[in-house]
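Based on the sequences and whatever the hints tell you, model everything.
Each chain, letter by letter, is given below.
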Amino acid sequence: LTLSCHILAGFQAGLRFQSTGPQASARAATAALKESLGGFSFELTDQQKEFQEVARKFAREEIVPAAPSYDKSGEYPFPLIKRAWELGLMNGHIPEDCGGMGLGIFDACLITEELAFGCTGVQTAIEANSLGQMPVIIAGNDAQKKKYLGRMTEEPLMCAYCVTEPGAGSDVAGIKTRAVKKGDEYVVNGQKMWITNGGKANWYFLLARTDPDPKCSASKAFTGFIVEADTPGVQPGRKELNMGQRCSDTRGITFEDVRIPKENVLIGEGAGFKIAMGAFDKTRPPVAAGATGLAQRALEEATKYALERKTFGKFIAEHQAVSFLLAEMAMKVELARMAYQRAAWEVDQGRRNTYYASIAKAYAGDIANQCATDAVQIFGGNGFNSEYPVEKLMRDAKIYQIYEGTAQIQRLIISREHLGKFKQ
Amino acid sequence: MLPLRFRRVTMSARVLVGVKRVIDYAVKIRVKPDRTGVVTDGVKHSMNPFCEIAVEEAVKLKEKKLVKEVVAVSCGPQQVQETIRTALAMGADRGIHVEVSGKDYETLGPLQVSKIFAALAKKEQADLIILGKQAIDDDCNQTGQMTAALLDWPQGTFASEVTLEADKLKVVREIDGGLETIKIKLPAVVTADLRLNTPRYATLPNIMKAKKKKIVNVKPADLGVDVSSRLEVLKVDEPPQRQSGVKVETVHDLVEKLKEAGRI
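The listed protein sequences correspond, in order, to chains A and B.
First residue of the first sequence? That's 1 in the UniProt record's numbering, and the numbers climb one at a time after it.
First residue of the second sequence? That's 1 in the UniProt record's numbering, and the numbers climb one at a time after it.
In short, the hints are calculated from the structure, not lab data.
All values derive from a computational prediction rather than experimental measurement.
Glycine included, each C-beta is placed from N, C-alpha and C at the ideal position.
Where hints are given, some of them may not hold.
Said to hold, decoys possible - Only pairs whose alpha carbons sit at most 20 angstroms apart, straight line, appear in this in silico PhoX-like list of lysine-lysine:
1) Lys262(A) <-> Lys220(A)
2) Lys49(A) <-> Lys60(B)
3) Lys57(A) <-> Lys72(A)
4) Lys168(B) <-> Lys57(A)
5) Lys168(B) <-> Lys49(A)
6) Lys68(B) <-> Lys259(B)
7) Lys183(B) <-> Lys168(B)
8) Lys49(A) <-> Lys257(B)
9) Lys212(B) <-> Lys57(A)
10) Lys168(B) <-> Lys60(B)
11) Lys28(B) <-> Lys304(A)
12) Lys262(A) <-> Lys147(A)
13) Lys49(A) <-> Lys212(B)
14) Lys32(B) <-> Lys49(A)
15) Lys62(B) <-> Lys168(B)
Said to hold, decoys possible - Not close to chain A: a few residues of chain B, all C-beta gaps over 12 angstroms, as computed:
16) Glu82
17) Arg85
18) Thr107
19) Cys140
20) Leu150
21) Asp152
22) Leu164
23) Leu204
24) Asn206
Next comes the structure, spelled out in structure tokens:
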């Protein structure tokens with residue numbers, strides 16, 4: 001084997017089979033090769049491998065068996081969420097001085113992919129916490145961080161990101177929820193929709209319009225608020241019945257004369273749009289990781305089935321039509337994984353990762369749907385049936401092309417970034 | 001007023017826990033083509049499940065403030081440090097890595113390991129040694145018993161329940177006939193059976209804290225132990241392929257077939 005094959009083999013083994021690492025001889029050679037590779041590495045640290053191992057064990061032993069019944073009943077998987085919280089698998093981004101672990105986005109992505117393998121409904125409920133917390137992490141002052149992030153590490157609480165409205169999803173600048181300053185408070189009126197954890201959150205990050213002038217630019221017209229869920233006037237609607245990720249709690253929320261103290265404004269009036277968008281650079285890689293986890297599950301279920309089911313005298317995996325399907329699924333999963341890892345690594349290095357984050361989310365969302373569909377295909381008639389695990393994957397996968405920025409919005413962002421680079 | 005001996009034992013009690021790095025239970029084992037052993041390269045390894053139960057019991061005793069310090073010990077090459085780290089993440093206080101590698105590691109067995117543990121028990125002034133009842137790779141079920149014999153300590157093996165009562169350990173043992181309860185004096189050796197407890201997950205914050213805990217490297221020679229083996233493995237084979245059975249229609253046919261096969 002050539003040296004590069006040794007290293008690649010070590011990487012593959014390390015990522016999926018948790019081996020102890022490359023052989024001693026390859027390790028010595030790696031040091032020499034490192035110079036020419038310029039520090040680029042696919043190796044996880046020991047701590048990352050251990051984190052991944054805990055998340056993988058939890059997902060496979062506790063989430064996988066419970067997921068089908070949560071999918072059927074739509075019941076909120078609080079016992080699983082509580083368990084994840086106890087194990088430290090949630091709220092990883094919260095800074096250490098607020099009682100959290102201050103993990104980077106890369107570590108969070110590793111954990112998210114493993115949880116999503118178990119059930120993306122559970123993973124979305126957990127991920128919504130990160131999304132709601134991110135504006136506070138990036139834009140909150142010390143008092144806000146200690147108050148709202150601190151409480152998340154003391155007990156298993158949920159939070160939510162309240163931006164989307166019935167009339168405005170992709171067009172965030174088109175939101176109509178109004179916040180009017182009255183003395184030391186803001187009075188908020190409006191309607192939000194498709195809020196994950198809407199009915200379970202202890203507090204929300206809310207984006208509302210503070211400048212009524214229609215000519216005012218988006219970068220100055222909106223303000224970000226932290227809203228306690230038990231504030232009078234906050235009315236969560238009914239739990240929406242969705243195609244997939246059915247155990248996740250998604251609701252509309254009505255805000256009727258809700259009074260928010262000015263201490264709960266993030267940064268200041270008019271800073272909201274930038275905060276809301278800035279959060280996405282950090283939350284898109286984990287969403288891409290979630291989609292990858294689903295695709296990995298589809299690949300594993302399909303592979304297991306293909307090695308058990310026989311037709312025309314052979315295991316179906318021995319028929320090229322099926323093995324080619326599996327090969328293409330494997331290609332997509334590996335590439336999606338590399339894409340989200342790059343996006344997460346970039347932002348952890350302190351660089352703007354918008355281009356990579358959008359690529360990762362767009363690609364992972366698309367391949368998650370393709371892999372889930374192909375998995376159903378490999379299962380044949382059984383795949384269409386609810387006794388087998390893959391039809392759930394198809395239903396769960398669709399939302400990855402919609403939330404956290406639709407597939408079309410991602411393409412808008414990528415083209416804008418790409419053309420911007422070219423013009424320089 | 002507690003007797004002086006009891007106070008000495010519990011306030012400063014130190015527990016040694018042995019943890020073995022073995023091929024993960026879920027892996028499909030393959031015999032090496034040269035039939036000298038099984039394939040271990042690139043294969044997933046983890047802590048022996050019975051060792052996990054042993055660590056859990058030790059950490060539980062520490063949480064109940066019945067013992068002061070839990071020391072995780074493993075014998076093997078560099079990679080066993082991962083296993084020690086897992087024990088630290090579960091709550092052990094520090095680790096000892098007894099370096100054994102290469103040919104010595106391939107032939108390392110219960111006799112040598114028990115000599116190492118006996119030496120460490122004396123060196124660390126341990127009051128209690130908890131081991132898994134057996135390892136899932138060799139299924140020897142010998143190390144605990146040999147260690148107790150070398151130290152001339154009492155032993156409570158196949159423990160499904162362990163309680164500290166004054167200066168004695170009450171151990172409920174799972175035996176073929178049912179459950180046997182014994183009381184043994186400390187210091188003692190206990191080996192953990194399946195139903196002793198359910199091992200905890202290492203939580204992420206504990207994994208991070210474990211990085212700060214110390215692992216000390218020791219060589220068998222430093223402990224005065226000779227790790228050379230008195231056993232030679234001649235060959236390793238897979239079990240014979242299971243032959244397919246024959247279905248019979250009636251009880252009469254079954255009896256006939258059994259008679260034919262000379263079974264009855």
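So, going through the hints one by one against the coordinates:
1. Lys262(A) <-> Lys220(A): holds, 17 angstroms
2. Lys49(A) <-> Lys60(B): With a Cα-Cα distance of about 26 angstroms, the restraint between Lys49(A) and Lys60(B) is violated, given a limit of 20 angstroms.
3. Lys57(A) <-> Lys72(A): Roughly 24 angstroms separates the two Cα atoms, so the pair is violated.
4. Lys168(B) <-> Lys57(A): violated, 37 angstroms
5. Lys168(B) <-> Lys49(A): Roughly 41 angstroms separates the two Cα atoms, so the pair is violated.
6. Lys68(B) <-> Lys259(B): Cα-Cα ~63 angstroms, so violated.
7. Lys183(B) <-> Lys168(B): holds, 6 angstroms
8. Lys49(A) <-> Lys257(B): Not OK: Lys49(A) and Lys257(B) at ~55 angstroms, beyond 20 angstroms, violated.
9. Lys212(B) <-> Lys57(A): Measuring from Cα to Cα gives roughly 24 angstroms; hence the hint is violated.
10. Lys168(B) <-> Lys60(B): holds, 17 angstroms
11. Lys28(B) <-> Lys304(A): holds, 14 angstroms
12. Lys262(A) <-> Lys147(A): holds, 15 angstroms
13. Lys49(A) <-> Lys212(B): The hint holds at about 17 angstroms.
14. Lys32(B) <-> Lys49(A): Distance of about 27 angstroms is beyond 20 angstroms: violated.
15. Lys62(B) <-> Lys168(B): Answer holds: Lys62(B) to Lys168(B) is near 17 angstroms, not above 20 angstroms.
16. Glu82: violated, 7 angstroms
17. Arg85: Answer for Arg85(B): violated, closest chain A Cβ roughly 7 angstroms.
18. Thr107: holds, 20 angstroms
19. Cys140: holds, 23 angstroms
20. Leu150: Holds, since 31 angstroms exceeds 12 angstroms.
21. Asp152: holds, 37 angstroms
22. Leu164: holds, 27 angstroms
23. Leu204: violated, 3 angstroms
24. Asn206: violated, 8 angstroms
The structure fails to meet hints 2, 3, 4, 5, 6, 8, 9, 14, 16, 17, 23, 24 from the earlier list, while all remaining hints are met.
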